[in-house]
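Chemist: This is what each chain is made of:
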Amino acid sequence: MRKQLWLFAIIMAFALVVAACGDDDDAGDGGTETTAAGETTTAAPAESTANVGLVFDIGGRGDQSFNDSAAAGLDQATAELGITPSEASANQDGSNREELLNLQADQSDLVFGVGFLFAEPMTNAATASPDVNFAIVDDASVDLPNVAGLVFAEQEGSFLVGVAAALKSEAGHVGFIGGVNTELIQRFEAGFIAGVQAVDPAITIANQYITEPPDFAGFNDPASGKVIAQSMFEGGADVVYHAAGGSGAGLFQAAKEFSDAGGSKVWAIGVDSDQYLTAGEEVQEFILTSMLKRVDVAVFSTVEAHVNGTFAGGPNVFDLSVDGVGYSTSGGYVDDIVDQLEDYKAKIISGEIVVPSTP
Amino acid sequence: MGKKILYAVAAPIAAIIVALVISSIVLLFAGANPLSAYNNMWEFGTRLETIIETLNRATPLYLSGIAVAIGFRMNLFNIGVEGQYILAAIIAAKVGAEVNLPPVLHVLVIILTAMVVGAIWSGIAGFLKVTRNVHEVISTIMLNAIAVAGVTSYLLSVWDVPDESLDTATKEIPQSGWMPSLNPIVELFTREINRVELWGFIVVAIIVGIVYHVMINRTRIGFDLRASGENASAAEASGTDPKRMIMTAMVAGGAVAGLVGLPELLGSSHAYNLRFTQGLGFAGIAVALLGRNSAIGVAIGAFVIGWLDRASGVLEVRGDAPREIVSIMTGVIILAAVIAYAVVERRRRAEEAAAAAAATAAERPPDEVGAAAGGES
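Order-wise, the sequence lines are chains W and B.
Under my numbering, the first residue of the first sequence carries the number 752, and numbering increases by one thereafter.
Under my numbering, the first residue of the second sequence carries the number 426, and numbering increases by one thereafter.
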C-alpha cells in the first residue's frame, strides 16, 4: 500500500509536468509573438507613446476563441498605432485577475480585461488607479468614469446565422450547441432561435448545452461537442450552430464524418471568428458561415480612442449597426441568400425587428 | 543528530536545485534570459504586497493540503477535496446570506456549515468504503463530478440573484458575516499596504494546523490513525477498529476540506459566483505530497507553490517569459522532491537496518540477522 502511494505520487507529479509542458506550447508561441510585435513597434513609425496592457482570461493567447480575437485587436493597434503592448494571462484557476490588472496598471495607461469575469477585479483595480483607463470585454456593469464596458449584441449576429440555417435546412430541423449554460451564451441561443423562427416557425430546433456552471469544461471539450452534434445530425438536424469555444471543433468533425458516411450533406455554423479560415482545411467545406463577434474591432477602436484622447467610460455597444457583430461569407455557401440576410440585417438596425437576448 | 538534519534538508534543497536547472533550460529554449526572469520574479516576489497575495493563495492551499494529508496518514487517497470544498462553499455562502446574526457568531455559523457539508460529502465515500468496500479513489472521483457538475450547478441556478452583470452569483453575505482583513496588524510592523488585503482566515488555517499536529502526534486517535496507516492488520490485532478509523479519517478530512473555499468567501467574494476559484482540491494533493503530511511541511509546500504562482505574474507582463514556466517549475519541484525523499528514505532505512544488524549480530546467530535486515527494507 505504501509503495502504491509512492507510485501515485510519482504519476501525479509526472502528470503535472506533462500538463505544464502542454500548456507551454501555446504560451511559447504567445511569448515569441509578443517579442515579434515589440520589434515591429520599434521598426514602424511610432506615432504613439501609449502603453497598453491586456490581461487575457484563462487560456490566454492561442485559445482559437475570444482571447485570440482580443489579441488580434492588440496586434493591429501595435502595428498601426505604434503603441507598446504588454500581455498577461490569468492563471489556471483565474484567481489572480486583480493582481494582473494592478500590475498592468503600474506600467500602462490603458488596461484591458478580456471577459466578464473581470468585472469585480476591475472595479477594484480601477478604483485604486483612477488615472489609468480600463476597458472590459463583455461587461457593462462596472460603473466608473475610467472604465469602458465593451459589450456585443451577440443575439443580433446569432439571429442572422439563424436565418441562414433556416433557409439552408432542407430537413426543416436545425440545432444549437452551447458551451456552458451562462447568461452570455443564452444570448446566442435566443438570437439563433428567433432568427430560425423568423423564417419558418415550424422548423424543429434541437438545443443542448455541454455543461452547466460552475463546470466550465464545456468551452474546451471537443469530444462532448462531437457526441452532441452526432446525436443532433442522427436525429434529423442538417444545420447546427455552436457557441462553445474550443468544443466547436467537435461539431465540425461530426459534420464531416456524418456527411462522409453517406448521409446527406450537413452544415455547421461557427462562432466568434471566421472559422472557415481557422478551423482547418479538412472541415472547411462543412462550415456554412460563422457568427462574427468582433472583439478585435472593439479592442482596436478603444485603443484608437485612447490614443486620440477621446476615450470615454461607460458602456460601448458593438452591434450590427457598427459591424460589431455579423456573419461571414467565406466559402461562398451563403452567397445565394445574402440578399435575404442583408434584408433582415437592415430591419434589425432600423429597429423593425427587436431580437430577444434571453431564450 | 547531525545526520538526521542532513536527511531532512537534503531532499528539498536537491529538489529546488534540480527545478532551477530544468527551468533555466526551458527558459533558454523559449528564448528568454533565465537570470533576468529570476531576478524580476525575486524583486517582485519580495514586495510586501506580493507576500500578502502569496499568503492569501497559500491559505486555501494549506487547508486543502491538510485535508488530503489526513487521508494519506491512513493510506486513504482522498481526491474528493475538490467536490467537498466547492459544495461546502456554495451552501455556506447561501446559509451566510440568509441568516442574520451578530458579527463573530455569523462567521462561526458559516464555518460550521462548511465543515459539516464537507464532512458529510466525504463521509459518503467513507461509508461506501466501510460497508461496500468501494475504493475511495473511485468514489471520490464520482462524488466530485456529482458535487460540482450536479449539485452545485443546480443550486447555483436556483440561488442566482439576477443583476445587470453576466455573472451568476448567490446573494451577498451581510457584512457581519465577513472576516476582517488583517492589514492593520501587518501595517503595525511594516508599512502601509497598497491595494491588497490579507484575508483574516489565515488565523483559522493556523489553528487547523496546530490541531492537526497535536491530534496526529499527541493523541490516542492520532496514534491509531497512523498505526492503521502503517500496518492495518497489526493495528487491528492490537484492538483498533479499521472501519472506525476509515470513517474518522474521511469525516475529519472532509471537515477540513469544507474550509478550503472560505478564505475567499469570507475575505473577498462574499458570495459564490462564477469566478469562485476551482481546482484547489487537486492542488492540495501536490501540496500534501510536497509537505510529506506534516503540519509544518504542508505549510512550507503551500507557501512555495503559492509564491511561485503569485510572483510569476510579473514574467509575462515584463515580457520575460510565458507564465507557464511556473507550472513547469512547480511540477519539477514536486517530482524532484518525491524522488529525492524516496532516495533519502531508502538510504536512511538501509543505514538503520545496518546499525540494527550490527547491534544484534553480537547476540544472535547470523541467519536471523539476515532475516531482520530483510524485514526492515
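Each hint should be verified, as a subset may be incorrect.
Computed spacing ranges between beta-carbons, pair by pair [as the list claims (entries may be wrong)]:
(1) W:A974 with B:V559: 20 to 30 Å
(2) W:A974 with B:L613: 19 to 29 Å
(3) B:T615 with W:P1066: 35 to 45 Å
(4) B:V562 with W:A1063: 51 to 61 Å
(5) W:S1081 with B:R616: 51 to 61 Å
(6) W:T878 with B:R645: 23 to 33 Å
(7) W:T1109 with B:M567: 30 to 40 Å
(8) B:E589 with W:A968: 24 to 34 Å
(9) B:Y579 with W:T1080: 33 to 43 Å
(10) B:Q600 with W:T1080: 27 to 37 Å
(11) W:E831 with B:I571: 17 to 27 Å
(12) W:P1107 with B:N525: 31 to 41 Å
(13) B:E589 with W:A974: 55 to 65 Å
(14) B:Y579 with W:P1066: 27 to 37 Å
Sample of chain B residues at the chain W side, in silico, Cβ under 7 Å [to be verified]:
(15) I571
(16) A574
(17) R700
Hint data in this document are derived by calculation from the structure and do not stem from the laboratory.
Don't be surprised by glycine CBs; every beta carbon is placed ideally from N, CA and C.
Chemist: Could you run down the list of hints and mark each one as holding or not?
Modeler: Evaluated hints:
no.	hint	result
1	W:A974 with B:V559: 20 to 30 Å	27 Å, holds
2	W:A974 with B:L613: 19 to 29 Å	54 Å, violated
3	B:T615 with W:P1066: 35 to 45 Å	40 Å, holds
4	B:V562 with W:A1063: 51 to 61 Å	55 Å, holds
5	W:S1081 with B:R616: 51 to 61 Å	57 Å, holds
6	W:T878 with B:R645: 23 to 33 Å	53 Å, violated
7	W:T1109 with B:M567: 30 to 40 Å	34 Å, holds
8	B:E589 with W:A968: 24 to 34 Å	27 Å, holds
9	B:Y579 with W:T1080: 33 to 43 Å	42 Å, holds
10	B:Q600 with W:T1080: 27 to 37 Å	54 Å, violated
11	W:E831 with B:I571: 17 to 27 Å	51 Å, violated
12	W:P1107 with B:N525: 31 to 41 Å	38 Å, holds
13	B:E589 with W:A974: 55 to 65 Å	35 Å, violated
14	B:Y579 with W:P1066: 27 to 37 Å	32 Å, holds
15	I571	11 Å, violated
16	A574	4 Å, holds
17	R700	5 Å, holds
In summary, the numbered hints that this structure violates are 2, 6, 10, 11, 13, 15.
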